[in-house]
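Visitor: Can you build the whole structure from these sequences, using the hints too?
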Amino acid sequence: MTSRGRLAKYSLWQFRDFVMERGIGIVIIGFLWGYVMFEPLRRTMGGQWRGDQLSPVWVILLQVSSAVASLSVLIAMNGLVSIDRKNGYYRFLFSKPVNALAYYAQLFVVYMVGVLLAMALLSSLAHIIFPAFSIVNFVIYSALIYIAMGGIGFFLSVAIRYDWLTLAAIWLGSRVLRGVYGPKNDWRSKAVELLPPVHRLDDVANSLIGNGTAATSDVVWLLGYGLLFFALGLVILRYASLAD
Amino acid sequence: MDFLSPTSNGDRAPAIVIEFKNVGKTYKSLLGNSVKAVEEFSLVVGEGEILGIAGPNGAGKTTLIAMMLGFLRPTTGSIEINGAPARQYVEQNGIGYLSELIAIPSKWRADTALVRYATLAGLPDAEISGRVGYVIELLGLEEHRDKKVKALSKGNLQRLGLAQALLRDEKILVLDEPTHGLDPVWTQRFRDIVEDLRRPDRTMLIASHNLDELQRLADRVAIIDRGRLQRLVATGYEQAPSATTRFRIAVARGHEMVRAAFPQAEVAGRDEFDVTVHGIQELNSALANLIAQGVLIASVVPERSVLEQQFREAVGES
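Protein chains in written order, with our numbering: chain U, 1 to 244; chain W, 1 to 318.
Hints may contain errors.
Simulated crosslink set (DSSO-like; lysine-lysine; CA at most 30 angstroms straight-line) [to be verified]: (1) K28(W) to K9(U); (2) K9(U) to K107(W); (3) K86(U) to K148(W); (4) K147(W) to K86(U); (5) K148(W) to K190(U); (6) K86(U) to K28(W); (7) K9(U) to K148(W); (8) K150(W) to K9(U); (9) K9(U) to K171(W); (10) K150(W) to K86(U); (11) K148(W) to K107(W); (12) K21(W) to K171(W).
Beyond 10 angstroms from chain U on every Cβ pair, some chain W residues (computed) [to be verified]: (13) E40; (14) V90; (15) D111; (16) D125; (17) R248; (18) P263; (19) P302; (20) E313.
Hints were generated in silico from the structure; no laboratory data involved.
Glycine included, every Cβ here is placed at the ideal spot set by N, Cα and C.
Guide: Spelled out as structure tokens, the structure:
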């Protein structure tokens, strides 16, 4: 028998795994985070509660929604490749006529669809209490951050075991280091330019979630950085051993 | 081709299916220490052959199999399957593989795990249900099919691992410690299954600690130790050596006549004798003599099988 594995059909199983193991958790965390942040505010403000972008709550909503999107990507990326290697699941998966690159590239895309659906659901809830909050804009922002952050996460998951922690550390570390050394005009300011362009996220979040636009250079930086690391992850997967 | 000569039955030499070409694997630590897991391993396996791989713990059996499936890259040399690089062959054709460590996500149900693997194996939807049902019945997993993997016993998990390896009608099967954790009933059942799987166009590799199992199932056994191929042993009895061998003979009637045929026979128990002969020709002559005199032989068991004897010599044990 020489038939190839039915990877496209298997994407349904991958999506099911996402929903059961990560998607439900993402929605619950996002909902609870939003609820404990905004329900007390809504009660306190009473009749003063406004659902437009001039509301004082808008800035908080931007911050929280952006953070929920980042956290969702972290959860989605956790162990994407490394769990299969660590636990030895790769043995049965890849003794079948399946290309590991195609398998994990598809997994990355399926999880992206899962994250975007979860974000669409959460933003629909946010839209109910805050009509100015655009579901479409937030989903587009989530897609951007998934590729930017998820691309690095994918690379880390291929390269090391503790991918989730490392991704969080790199993301936060880049923010701190860029804040400290970025404004200086020395070698350190040039060195931090190599770090993930997290400093561009705030502006992108404000403009993209707010009015659906963003500076092209910021979007290109974020997408390019993520896609570059995603491609590097695929290269490592191609040339390194699947087994530890 | 002499690599298959001990087991070849026909005139035509079987085609080479798997070829290890001077394969080596060295693990290096971050501190620069290196361990050679496999060294200069060369071997060819022919179509229709069952090759056993035997060796003590840490001999390099599993590393060798991992390289054959393309999970590990050899440091030196190469492995080809049907003329293609090993990993390329596996990605294009698949291999029925049972690993030593049965690693299936614990939350999966036994039957859905098989459906998933069948999908990855490329079985069409119309065939999946039937094939999954077949392997579940073959491996006696009917009452466990709804259970989660984490709820399965070691033996049932092993059977589930074997079931996923048999989902397709594979041309190549690789079984690493296949009877590990199986009870005696299922160990025997496994042997029957392997015998049923034997086909002229199917090649099988079985790595095992169990020499008796390999003696029964394999055509040849590669004995490896410290990462090197130490010896290649044909298991057929026509290859039995002419060297001195000890047997235990049990006699049902006429035990007083045993010493006449075997002067050096030692009493090993009630109606049992240990005898030393120089080759099976001498054994058969002496037994024929005893039987002609009315002695009733209950059993003749070699103290060590041909394989066990070779194994002990190869790995330096006595």
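Visitor: All hints, please: hold or fail.
Guide: Now the hints, each set against the structure:
Taking the CA atoms of K28(W) and K9(U), the gap is near 39 angstroms; set against the 30 angstroms cutoff, the hint is violated. Pair hint K9(U) plus K107(W) holds up; C-alpha atoms about 20 angstroms apart against a cutoff of 30 angstroms. For the suggested pair K86(U) and K148(W), the alpha carbons sit about 20 angstroms apart, so the restraint of at most 30 angstroms is met. Restraint check: the Cα-Cα separation between K147(W) and K86(U) comes to about 24 angstroms, which is no more than 30 angstroms; the hinted pair holds.
Restraint check for K148(W) and K190(U): the C-alpha separation of about 53 angstroms exceeds 30 angstroms, so the hint is violated. At most 30 angstroms may separate the alpha-carbon atoms for a hinted pair to count; K86(U) and K28(W) meet this at roughly 19 angstroms. Proposed proximity of K9(U) and K148(W) is supported: the alpha carbons are some 22 angstroms apart, at most 30 angstroms. At most 30 angstroms may separate the alpha-carbon atoms for a hinted pair to count; K150(W) and K9(U) meet this at roughly 26 angstroms.
As the CA atoms of K9(U) and K171(W) are separated by approximately 24 angstroms, the hinted pair is consistent with the 30 angstroms bound. Of the pairs offered as hints, the one joining K150(W) and K86(U) holds, with about 17 angstroms between alpha carbons and a cut-off of 30 angstroms not exceeded. For the hint pairing K148(W) with K107(W), the CA-to-CA distance comes to about 6 angstroms; that is within 30 angstroms, so the pair holds. Distance restraint check for K21(W) and K171(W): the Cα-Cα separation of roughly 21 angstroms lies within the 30 angstroms cut-off, and the hinted pair is therefore satisfied.
Remark: the non-interface label on E40(W) is consistent with the geometry, its nearest Cβ contact in chain U lying 20 angstroms away (cut-off 10 angstroms). A beta-carbon of chain U is positioned within 10 angstroms of the beta-carbon of V90(W); the least distance is around 7 angstroms. Every Cβ of chain U is farther than 10 angstroms from the Cβ of D111(W); the closest lies at roughly 13 angstroms, confirming the non-interface assignment. Once the 10 angstroms rule is applied to beta carbons, D125(W) is inconsistent with being away from chain U; the minimum gap is 8 angstroms.
Non-interface call for R248(W) relative to chain U: holds, since the shortest CB-CB distance, roughly 41 angstroms, exceeds 10 angstroms. Listed as a non-interface residue, P263(W) keeps its Cβ farther than 10 angstroms from every Cβ of chain U; the least gap is roughly 56 angstroms. Interface exclusion of P302(W) from chain U stands, the closest Cβ pair being 37 angstroms apart, more than 10 angstroms. The claim that E313(W) lies off the interface holds: its Cβ sits roughly 32 angstroms from the closest Cβ of chain U, which is beyond the 10 angstroms cut-off.
The structure is inconsistent with the numbered hints 1, 5, 14 and 16, although it conforms to all the rest.
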